[in-house]
Amino acid sequence: MKWETVIGLEVHTQLATRSKIFSGSSTAFGAAPNTQASAVDIALPGVLPVLNRGAVECAIKFGLAIGATLNRINVFDRKNYFYPDLPKGYQISQLAKPIVEGGALTIVVDGVEKTIHLTRAHMEEDAGKSLHEDFHGMTGIDLNRAGTPLLEIVSEPEMRSSTEAVAYARALHTLVTWIGICDGNMQEGSFRIDANVSVRPVGQAEFGTRREIKNLNSFKFLQQAIDYEVRWQIETLEDGGRIKQATVLFDPDTGETRMMRSKEEAHDYRYFPDPDLLPVKLDEDWIERVRATLPELPAAMQARFQAEYGVSPYDAAVLTGSRALANYFEAVAKACGQGKLAANWVMGELSAALNKAELDITASPVSAAQLGTLIARIQDGTLSGKLAKQVFEGLWEGAGEVDAIIETRGLKQMSDSGELEKIIEEVLAANQKSVEEFRAGKEKAFNALVGQVMKASRGKANPAQVNELLKSKLAG
Amino acid sequence: MSEPSLASLAAQLASKQISSRELARAYLDRIAALNPSINAFITVDPEKTLAEAAAADSLLAAGQAGPLTGVPIAHKDIFCTDGWLTTCGSKMLHNFVAPYDAHLIQRFKAAGMPSLGKTNMDEFAMGSSNETSYFGAVKNPWNTAYVPGGSSGGAAACVAARMAPAATGTDTGGSIRQPAALCGITGLKPTYGLVSRYGMIAFASSLDQAGPMAPSAEDCALLLNVMTGFDPKDSTSLERDKEDYTRDLDKPLTGLRVGLPKEFFAEGLNSEVAMAVETAVTELKKLGATTVEISLSNSQLAIPVYYVLAPAEASSNLSRFDGVRYGYRAPEYSDLNDMYAKTRAQGFGAEVKRRIMIGAYVLSHGYYDAYYLQAQKIRRLIANDFDAAFQACDVILGPTAPGTAFKLGEKSDDPVEMYLNDLYTIPANLAGLPGMSLPCGFDSRGLPIGLQLVGNYFSEAKMLNVAHQYQLATDWHSRQPEGLK
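Protein chains in written order, with our numbering: chain A, 1 to 476; chain B, 477 to 961.
Hints in this document: simulated from the structure, not taken from any laboratory. Incorrect hints may have been included.
[Unchecked claim] Capping the alpha-carbon separation at 27 angstroms, the derived lysine-lysine pairs in DSSO-like fashion look like this: (1) A/K281 / B/K709; (2) A/K214 / A/K114; (3) B/K718 / A/K281; (4) A/K129 / A/K79; (5) A/K263 / A/K244; (6) A/K455 / A/K473; (7) B/K492 / B/K585; (8) A/K412 / A/K433; (9) A/K460 / A/K444; (10) A/K442 / A/K455; (11) A/K129 / B/K818; (12) B/K853 / A/K79; (13) B/K829 / A/K79; (14) B/K818 / A/K97; (15) B/K829 / B/K567; (16) A/K79 / B/K585; (17) A/K79 / B/K524; (18) B/K709 / A/K129; (19) B/K853 / A/K97; (20) B/K524 / B/K567; (21) A/K455 / A/K389; (22) A/K281 / B/K853.
[To be verified] Where chain A lies over chain B, by a calculated footprint (3+ residues, C-beta under 8 angstroms): (23) 504 to 512; (24) 560 to 570; (25) 627 to 636; (26) 656 to 662; (27) 709 to 721; (28) 930 to 941.
Heads up, the beta-carbon is just placed ideally off N, CA and C, and yes, glycines get one too.
With the sequences and hints as input, model every part of the structure.
So, in structure tokens, the structure goes:
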């Protein structure tokens, strides 16, 4: 039997507000345990939540960025359950009336575009952390994270492979960091993915029974977990078994998913509207003020890069992988006036160097202005591509500005045709065999001669000029 | 302490006839003498009280006194009070010393009013007799075999016994008005949102409202001036201009339209109470008021609606009492769930557990629509009835409770009978309207009878005006229990 995979993702993004969603405590990561937990965060008797408007603005930004409906009146509900890192015994979330409904993201897999629709996105507070390792026979509770604002973003079950799921998760990650509502730091838990996975025979209309893989904190784990889960579900069904609805965890060490709780063990969260908080009203003024703060979005920027700089759709997509990268590229392109060359350098030499050094574009030792100048020197004939790579190395090492490096390292392309002619004559004299072969019709011999000339010029000859002069000499 | 009105105490303080310390000492002495038989206070801390009184004396000496600076007050043990044991009447918080002041406590501190202590109450404000307190029942100062009402029973009893010139209370379904009625004092529940709930331990968030309890309406007006005001820490706090609630006290009642809801004078009302309330109506007519019969037909459903919504909110509000961070934790348990179960089984009393279970039930999957949502719809209808009624009248009048005080233990085995005590007070909570109770007579056993006024939103000044004019013409509010004088 042929099987089809169905995947929907729920992503918890930590919103990049300075203070918590219902208290004034800091949201900074990594502070000593419980130093960022106020009376409200630890749920002392009598305390009350007050909504942080900054968190609402993040949600509005997201809704606008994905073309969703913003519910002009949205409501906070209480999700009731007991756990030591949930101080109130309930989490404030949004169930019936979330702030964002609908919207879509476009992903590209194997060059094919696909639209993934979103169900909803709602605001909620994060829980604290239970620390089981450091205490013998006890559990430590750190409430620094309790009350950190989250936007839970729920997709429709429209992905059909782990590759599509990863592409969607990456596109979402790019978007939330792009519009500045999330720092995107997956190690610190700023972007956590739950994947709902089911399989069904190809052609069947109804979905299979799903299992939810919780708390995946890397794209690699997302892919591995889904791949394992899909294999497991197909094997189970083909062996005559049934899939039972459940929540599972992915173990990166074994590469397997394992059952956390079955549907029967699921909580009854007894949701009801939080009477401590008024419904959130979004007026048009507020929405427009937030809209005005939105940067140009990735999709719009991709289209513009293709039109303005003549880059391919693929390159445009890569260059808008992050807002910082896109801005860097555009600065280079503007500085040198050469969009395609700029794209090649940014995606080629620069990206390779950054990857090797494990650096983000924002930490690049080579500035966009420097790279722009470097490309301009290729364009004006000062540098060959090969020389330019040497100059780039100098820039990377911090050896100074482009022209200074060319000067001090003597990397200027040979522009004096007299000098070049002399070299060519010497090469021809020393390689009579190749000359004869060429004249006998062997094209390869010409390339060998070009190589010899370049070598003799120690790479500084302009290859185009070498071609031209060599041809006229051989013809003469 | 022949004349304990707040205005007269403030005048004596201002003219240096008495110092705040002397006044506080006098009340502390009376508490020491009477509290063992009344049990109105859970915590008394003379050292703290006298230190606050000394600070008030400094303000008075420096000419920086406000209208009530130096006048002491007792606070219901539901308000978090920095450095004070704050128990909410529960074993669950029997050891909880609050590390911060409730907004209301801050306001009284800022007004220079020393705290005389923390008053007893039904556990987590759940009860109408003050018998559910972990710290023992409060006795009615008019007859210590009888309950003082609840949940603000300690507050009502301490004022009635003149152990404090005034007290704070909270009212979720009648918890200020019913004990005020049963103890023969005046108590007012303001419009929902006028007094910040920050630091007031939540029972049912959408209904809870703090208010003043004192001998007279004039006292309540002065206290309301201190208590009300916008608080950015409470999202349901209302942003309004500051009012002076004493401004209309002296207005004549000529032309006042008093609405008498026929449902509040029907079956179930004790005849002595009915007679006293009718006599009060006659008195108001003499003062220039006219009456009109109105109908609050959906108020019949107030008790069932209340006993869905209030427990629903309470079941969630009380989840934080889990033994993890503060308060009571069971001494022995096998694992986390066992710790939760034992802590809550041992830490909460029977009534609290009953309401948590009701609340969890009505919110549970499959029952939410039938109970919670349905109750919310009826709540809206009840509010609509009041809207319609206030087209025809300025203030609604009726009994506060269906009877007078009952004997200790008389109703404690019958929750429904107990719940019916709040029949007339709950509708105002559901609608968010202000309501007050004032003394209007005594039954044949010598127990006080309370009269209830319910006003339109923000009509506290009008209600206080009606009550004050009535109290100028009558002396029920200045009567004191014989045996305690």
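Next item on the list: Would you mind confirming whether the straight-line C-alpha gap from A/K129 to B/K818 stays at or under 27 angstroms?
Entry: Given pair A/K129, B/K818 holds - Cα atoms ~24 angstroms apart, limit 27 angstroms.
Note to self: Is the listed coverage of the stretch 504 to 512 of chain B by chain A valid when you require three or more residues with a beta carbon under 8 angstroms from a beta carbon of that chain?
What the structure shows: With 0 residues closer than 8 angstroms to chain A, the stretch 504 to 512 of chain B misses the three-residue bar; violated.
Next item on the list: Given the hint that B/K853 pairs with A/K79, test it: the Cα-Cα distance must not exceed 27 angstroms.
Entry: OK: B/K853 and A/K79 at ~22 angstroms, within 27 angstroms.
Item checked: Given pair status - A/K79, B/K829, alpha carbons within 27 angstroms -> Roughly 20 angstroms separates the two Cα atoms, so the pair holds.
Check: Does A/K79 pair with B/K524 here, judged by a C-alpha cut-off of 27 angstroms?
Finding: violated, 41 angstroms
Check: Three or more residues of the stretch 627 to 636 of chain B near chain A by CB distance under 8 angstroms?
Finding: n = 0 at 8 angstroms, threshold three: violated.
Check: Taking only the CA atoms, is the gap from B/K524 to B/K567 under or equal to 27 angstroms?
Finding: Satisfied, since the Cα-Cα distance of roughly 24 angstroms is no more than 27 angstroms.
Notebook entry, point to check: Keeping to a limit of 27 angstroms between CA atoms, is the pair of A/K412 and A/K433 held or broken?
Noted result: violated, 31 angstroms
Checklist line | B/K829 paired with B/K567 [C-alpha distance capped at 27 angstroms] | finding: holds, 13 angstroms
Notebook entry, point to check: Does the stretch 656 to 662 of chain B contain three or more residues whose Cβ lies closer than 8 angstroms to a Cβ of chain A?
Noted result: As far as the stretch 656 to 662 of chain B goes, the hint is violated, because 0 residues have Cβ atoms under 8 angstroms from chain A.
Notebook entry, point to check: Is it true that the CA of A/K281 sits at most 27 angstroms from the CA of B/K709?
Noted result: Roughly 19 angstroms separates the two Cα atoms, so the pair holds.
Next item on the list: Take a quick look at whether A/K263 and A/K244 sit within 27 angstroms of each other, Cα to Cα.
Entry: Roughly 8 angstroms separates the two Cα atoms, so the pair holds.
Of the numbered hints listed earlier, those contradicted by the structure are 8, 14, 16, 17, 23, 25, 26 and 28.
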